[in-house]
Amino acid sequence: MDDGKDHTISQKIRAEFPAFYIGATLYRGDLSIHLKREGIVPICTFLKENPALDFDYPVHISSVDFPKEAERFEVVYEFFSIRKKHQVRLKTRVPEDDCEIESVTSIWPGANYLEREVYDMMGIRFLNHPELKRILLPDDYDEGYPLRKDFPIQGRGWRDTFDFPV
Amino acid sequence: MATENPPTKERNPHLPLLRTEELLLNLGPQHPSTHGVLKVILSLEGEKIIKSEPVLGFLHRGVEKIAENITYNQFIPHTDRLDYVCAMYNNFAYVRAIEKLLNITVPERAEYLRTIVAEVQRIIGHLFWLGTQALDIGAMTVFFYTFREREVLLDIFVDLCGARLTTSWYRVGGVERDFDEKIIADIYRFIESFHEKIAEYDTLLINNRIWLARTKNIAVISGEDAIAYGLSGSTLRGSGVDYDLRKVAPYGAYDKVEWTVPLGKKGDTYDRYWVRMEEMKESSKIVKQCLDQLPEGPYKAYLPKYVAPDKERVFTDMESMIYQFKLYSDGFDAPPGDIYCGTEAHKGELGFYIVSQGGGKPYRLKIRAPSFVHMGAFDFMAKGYMIADIITIFGTYDIVMGECDR
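In order, the protein sequence lines correspond to chains W and S.
So that you can map any letter, position 27 of the first sequence is 27 in the numbering used here, and since no number is skipped, the others follow by simple counting.
Take any residue in the second sequence, note its place counting from 1, add 166, and you have its number in the numbering used here.
Isolated chain W, as found in the complex:
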């Protein structure tokens, strides 16, 4: 689980934030760093501001559901540095009963919509987000969060109540 620990980027993060660093993996050339969720804003600020790292480009923010594990949701951030041409993926875990994590919208404004989509699809709330509401699903959608693993692919029956004209 820690085969990416010798990578320069993970070494820098581990040296700067030993309390938040859990491990790093290298798979097919992609570096993933596992973090504690309290560290997401300080580490993202560090990634953006540090001139040697210079992660200026938010690639994607997504989430994965692991229903059997204690900390159920994984929030995945992927960043790229256009000047330095390197990539990093950050992974943090969020438990189901306290599904919250700090927003990084103040660091990269492009994170706004990406985080809203994670909230919409997986139900993870981003604290200090400028307008956290549903984005792809309707505002009055009441069936929960469709990308959770316990959500049936057919939906929960809301559609059947619609009165479509024949």
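Bear in mind the hints are in silico, worked out from the structure with no lab data behind them.
Do not rely on the hints blindly, as some may be mistaken.
What the hints assert, rightly or not - Pairs of lysine to aspartate or glutamate residues, derived as EDC-like cross-links and limited to a Cα-Cα distance of at most 16 Å, are as follows:
hint, chain 1, residue 1, chain 2, residue 2
1, W, Lys-149, S, Glu-234
2, S, Lys-527, S, Glu-230
3, W, Lys-149, S, Glu-230
4, S, Lys-266, W, Asp-30
5, S, Lys-432, S, Asp-408
6, S, Lys-363, S, Glu-444
7, S, Lys-205, W, Asp-139
Said to hold, decoys possible - Label pairs and their calculated CB-CB ranges:
hint, chain 1, residue 1, chain 2, residue 2, range
8, S, Thr-271, W, Ser-106, 38 to 46 Å
9, S, Pro-182, W, Asp-98, 54 to 62 Å
10, S, Phe-310, W, Phe-164, 36 to 44 Å
11, S, Asp-476, W, Ala-52, 28 to 36 Å
12, W, Lys-68, S, Val-427, 58 to 66 Å
13, S, Pro-195, W, Glu-16, 43 to 51 Å
14, W, Ser-106, S, Glu-358, 49 to 57 Å
15, S, Arg-314, W, Glu-16, 56 to 64 Å
16, W, Thr-45, S, Gly-406, 34 to 42 Å
17, S, Lys-214, W, Lys-68, 51 to 59 Å
As the list claims (entries may be wrong) - Which chain W residues stay away from chain S? Per the calculated CB distances, all over 12 Å, these:
hint, residue
18, Lys-5
19, Thr-8
20, Lys-12
21, Glu-16
22, Gly-23
23, Asn-50
24, Ala-52
25, Leu-53
26, Pro-58
27, Phe-80
28, Glu-96
29, Glu-100
30, Trp-108
31, Leu-127
32, Thr-161
Idealized CB from N, CA, C, for every residue including glycine.
With the hints as your guide, set chain S onto chain W.
Chain S in isolation, oriented as in the chain W frame:
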């Protein structure tokens, strides 16, 4: 912002005192220039945009959820329907991500075939964009010219795979079928005359005062802001940022041919138009060189665990029959792990983040759709411009809502 406040005039004392307030206007969801179904709630002060809030999701189909319930190969036709004007490149981006996960390489000829078709698709995408952008702004003629060339290219796609838009021609480990002589001759013939066609579009637009007035200094975004908002593709390069995944992380045959990345200077709509026009010329260069260099060899890898074997083998060889049966019933067994693979589609960086836990279906598949990320910068780019510019700003991203809403 580029627009300045109009000079304040002395109020005419004979006119009655008018009440002014912010006007809320719904644009869409049914509007011909939104390229799909998109609503924007505009806050206006007179004709000036104070705030714009895109309302997305009218075309949401839950593609990411569908992907978790079908095998990797079954998802290829779903990628066609993301950005339905540019299906080939979506296929390409997806199979590339799967190949990264499986850690397989494709034969050299297949890389060339993929690059040629991808660049032909890029030309189609840019022609579509140019025609519709000009149509939205009011220059209808351009549309007829660009769609004339687009039809020629779509006919080539019909010969190649039988479909115009929903192509599904790319396969994990290669492509579905090889080029024949006719297709190669048709592409050559098109590329030879394409420069004259671009010159024709230029005669329609380059000195067109309306076109210039409606694109120059509209929706200006600096390179720094464009990066922070995650813009990509021609939209980012219009702001002068040299970021093209075909150069940064070369795939296909892009590193074996000579071409350049055109960059804008100011980051306005006109620069993005210029970048796309130049990209079409570069694409035709890439296609020509690839056709000249096209090596002989197989068009898909022989990896029966992941790639369906040839039909001849299937009908004559028992193992191949079993492999084919296993592939089409259970799918291939992907190794556990997670990868992200971005590809330079003609709209921007189209990426797939795939989490596998082994087995034939993805555990999680996230699509990084350029149109969606671009919509995140919409409010920032539209603020301070006139209501008529909204249409230009939609167009300048080259958005397709099928990809944005997924």
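### Message
Which constraints among the numbered hints does this structure fail? Numbers only, ascending.
### Response
11, 12, 16, 26, 27, 30
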